[in-house]
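Novice: Below, each chain spelled out in residue letters.
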Amino acid sequence: MQEQFNVSVFTEDQIGMLNRVSIIFNRRHINIESITASASEVEGVHRYTIVVSCTEDQVKKLVGQLDKQVDVVKAFFHRNDQIVQQEIALYKVPTATLVEAKMVETLIRSHGARIICIEPDFTIIEKTGHKEETQQLFQELKPYGLLEFVRSGRVVITKPMKEFREVMEEVEEAARKCVPAG
Amino acid sequence: MSKTATESKTRTMTGAEAVVQCLLEEQVDVMFGYPGGAIMPVYDALYDYREEIHHVLCRHEQGAIHAAQGYARATGKVGVCLATSGPGAANLITGIADAQIDSTPVVCITGQVASHLLGTDAFQETDVVGISMPVTKWNIQITSAHEIPAALSKAFFIARSGRPGPVLVDITKDAQFGKLDFSYQRCELVRSYVPTPQPNMEEIKRAAELINQAKRPYVLMGQGVILAEAEDEFRNFVEKAGLPTAWTILGLSGLPTDHPLNVGMLGMHGGYGPNLLTNECDVLIAVGMRFDDRVTGDVKRYATQAKVIHLEIDPAEINKNIKADVPVLGDCKETLKLLTEQLEAREHPEWLQRFRDCQEEEDREVVQGELYPEGDKVLSMGEVIRWVSEKSNGEAIIVTDVGQHQMVAQRYYRYARWRSNITSGGLGTMGFALPAAMGAKIGAPDRQVIAVIGDGGFQMTIQELGTVFQSKIDVKILLLNNEFLGMVRQWQELFFDKRYSFTEMVNPDFQTIARGYHIEAEKVTKREELEAAVERFVNHDGSYLLEVLVGKENNVFPMVPTGASVSEVRLK
Chain V
1 MQEQFNVSVF TEDQIGMLNR VSIIFNRRHI NIESITASAS EVEGVHRYTI VVSCTEDQVK
61 KLVGQLDKQV DVVKAFFHRN DQIVQQEIAL YKVPTATLVE AKMVETLIRS HGARIICIEP
121 DFTIIEKTGH KEETQQLFQE LKPYGLLEFV RSGRVVITKP MKEFREVMEE VEEAARKCVP
181 AG
Chain E
1 MSKTATESKT RTMTGAEAVV QCLLEEQVDV MFGYPGGAIM PVYDALYDYR EEIHHVLCRH
61 EQGAIHAAQG YARATGKVGV CLATSGPGAA NLITGIADAQ IDSTPVVCIT GQVASHLLGT
121 DAFQETDVVG ISMPVTKWNI QITSAHEIPA ALSKAFFIAR SGRPGPVLVD ITKDAQFGKL
181 DFSYQRCELV RSYVPTPQPN MEEIKRAAEL INQAKRPYVL MGQGVILAEA EDEFRNFVEK
241 AGLPTAWTIL GLSGLPTDHP LNVGMLGMHG GYGPNLLTNE CDVLIAVGMR FDDRVTGDVK
301 RYATQAKVIH LEIDPAEINK NIKADVPVLG DCKETLKLLT EQLEAREHPE WLQRFRDCQE
361 EEDREVVQGE LYPEGDKVLS MGEVIRWVSE KSNGEAIIVT DVGQHQMVAQ RYYRYARWRS
421 NITSGGLGTM GFALPAAMGA KIGAPDRQVI AVIGDGGFQM TIQELGTVFQ SKIDVKILLL
481 NNEFLGMVRQ WQELFFDKRY SFTEMVNPDF QTIARGYHIE AEKVTKREEL EAAVERFVNH
541 DGSYLLEVLV GKENNVFPMV PTGASVSEVR LK
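From first to last, the protein sequence lines are chains V and E. Just so we're aligned, residue 1 is where the first sequence starts under our numbering, counting upward by one. Just so we're aligned, residue 1 is where the second sequence starts under our numbering, counting upward by one.
Chain V on its own, in the form it takes in the complex:
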């Protein structure tokens, strides 16, 4: 059964890592629905959050292959109920139509959105939330002549996971155990 999974990959911060990570998805013909990359809480370690829809068997094998990469410290997968997630969306709308429609305040308030920039010819609205929420606002802004729309990939914090620093220490410890004695 296909499900949505959140794959977190912690890697050394190196040129080409994104390629090495994404190849593993390509090769198994699994589409990446969204991807974000940033520094993690550990210096020198980057974190990729990748959303995919596939079977549990597939995601387990994906994570196994990711983990196997030399410069990947650790990879995990989580279901949506195991994470807290957020996406950010920006909407560019003509200022004139917004003012004419006299709907701006209601729209902003009801969506918990905010206006981050007003220019004579356009206004930029920002909303963070789940995809369905940012999509809803997208639908509602469409009649006002939406000029531009962009949505980020998902950022994810996992609920039950132990501190990554601890995981990393375990990996380092295991790596040290492989050094021959003497």
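A couple of the hints might just be wrong.
[Said to hold, decoys possible] Part of the chain V face toward chain E, derived, beta carbon under 7 Å: (1) Leu18; (2) Asn19; (3) Ile23; (4) Glu43; (5) Gly64; (6) Lys68; (7) Val73; (8) Glu172; (9) Ala174; (10) Ala175; (11) Lys177; (12) Val179.
[Said to hold, decoys possible] Computed list of chain V residues with no C-beta within reach of chain E, every gap over 12 Å: (13) Pro94; (14) Thr97; (15) Met103; (16) Arg114; (17) Ile124; (18) Glu169.
Don't read these hints as lab results, they were simulated from the structure. Note that beta-carbon positions come from the ideal geometry of N, C-alpha and C, so glycine has one too.
Assemble the complex: chain V is given as a structure, and chain E must be docked to it using the hints.
Specialist: Chain E in isolation, oriented as in the chain V frame:
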């Protein structure tokens, strides 16, 4: 923390010389390569070290990497090859992919255009780091001389440690010309990389319990046993518990062929019993193998009745193809020893007899006719291999290419010695054998090295005869010529209504070609000439081509057709 095996005193030198120094620090004394523009500084530095490092000039970069693979497989050491940028680097890719899928430790060093030209479509520029990423265990591009020692040290460590594999280091030309203060620290630790999982005694205990209770235990031996140098540990393991053992194509020669517990080869053209009885055993013990589709056939109908124990160094292999009831992670040299300690001494005579009975049936239906064809029948590949096996006392390293001859050689050569089988297993790379045999001979000069090749594969890397000649490499080349791409033809016969679409070969005179390279050659077309010719072949001093014209439309059996279950193995 990382330890220093060798600490050289600091000296200022060019990046190119540093590359050579790194190789010396890693005790590299042989390498295979082909020069070109972007790697010229390294070649220039090598010129001063001709005494220390034997560089073998191949005739194509694919030849160089296969030779490095053959060297690695024959010695257990890291094979090294050197190529230029662009086409040179791209020509390595097939061999890198082959080394990746067959877990062969290789370090490839490629030249690259100067760093200011990267991404400009410069002459002979290709993104080899990008191209090789899916088929390397690790790779890196170096744009500054001072990065060279650490990168190469890490490259060698990654290539040889854990589950071995190919590594590529791409060095821009300006980094080769640049200066650095050289010092070398042998890498033994990468913080994100755990080469070998520690054995878990709980897993080992559970595995031992299953084996001790088993009525019909069955061991599948893969290349992991050879890579781990676990010859004795493996033998003690199977002998103590009386475990019938089959080998995968890469596990071949992990036990002698004639060992009483060795029941033969797994896989599409493996033995009748080894395939059939997979679905009758009660405990299946896989050691250092990865349940390739050519071994399992239809996974849904594979050993579903059995408890599966999987001894494996690579956690990603566990449950990848076949679910393991008891995974035993770790280096099998260690886990086999721990497991054996907990085993009760057993024998399973009735169960072993099942394999013997199957073998008898296979002998009657297949083997007899292949090894001892009657009277006026065309020469068979099997009888040639039988003579080669006999005349070389099963002592040779057999390097095979890909196709029918490969299956026949591996089925019928009687391996007496450890580490005697080199072949392209996972990737099935035609053209592998000749260059791999060169590398094997250079790595194991005291051993007889015989390359068994078909007429198709021979012509894919036939140019390496030039290397054999120039570098005076004593490889014996057995060419089994059926004037067809035999394995594809066999499939066309069985599954495509004998529509022989582009598989018939109109061949050149291989004798003339060999002699053109000053390699002695002989051609056999008749049964009565065969024995004496094989005798001359194995005893000849120096390289030698023995070409045998074999039946054009002979087939290899047994066979598990694609998608079939192992229990549907066909004898005809």
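Novice: Now tell me if each hint is right for this structure.
Specialist: Against the structure, the hints:
no. : hint   : verdict
1   : Leu18  : 11 Å, violated
2   : Asn19  : 6 Å, holds
3   : Ile23  : 5 Å, holds
4   : Glu43  : 12 Å, violated
5   : Gly64  : 4 Å, holds
6   : Lys68  : 5 Å, holds
7   : Val73  : 4 Å, holds
8   : Glu172 : 5 Å, holds
9   : Ala174 : 4 Å, holds
10  : Ala175 : 5 Å, holds
11  : Lys177 : 6 Å, holds
12  : Val179 : 5 Å, holds
13  : Pro94  : 39 Å, holds
14  : Thr97  : 44 Å, holds
15  : Met103 : 49 Å, holds
16  : Arg114 : 40 Å, holds
17  : Ile124 : 34 Å, holds
18  : Glu169 : 10 Å, violated
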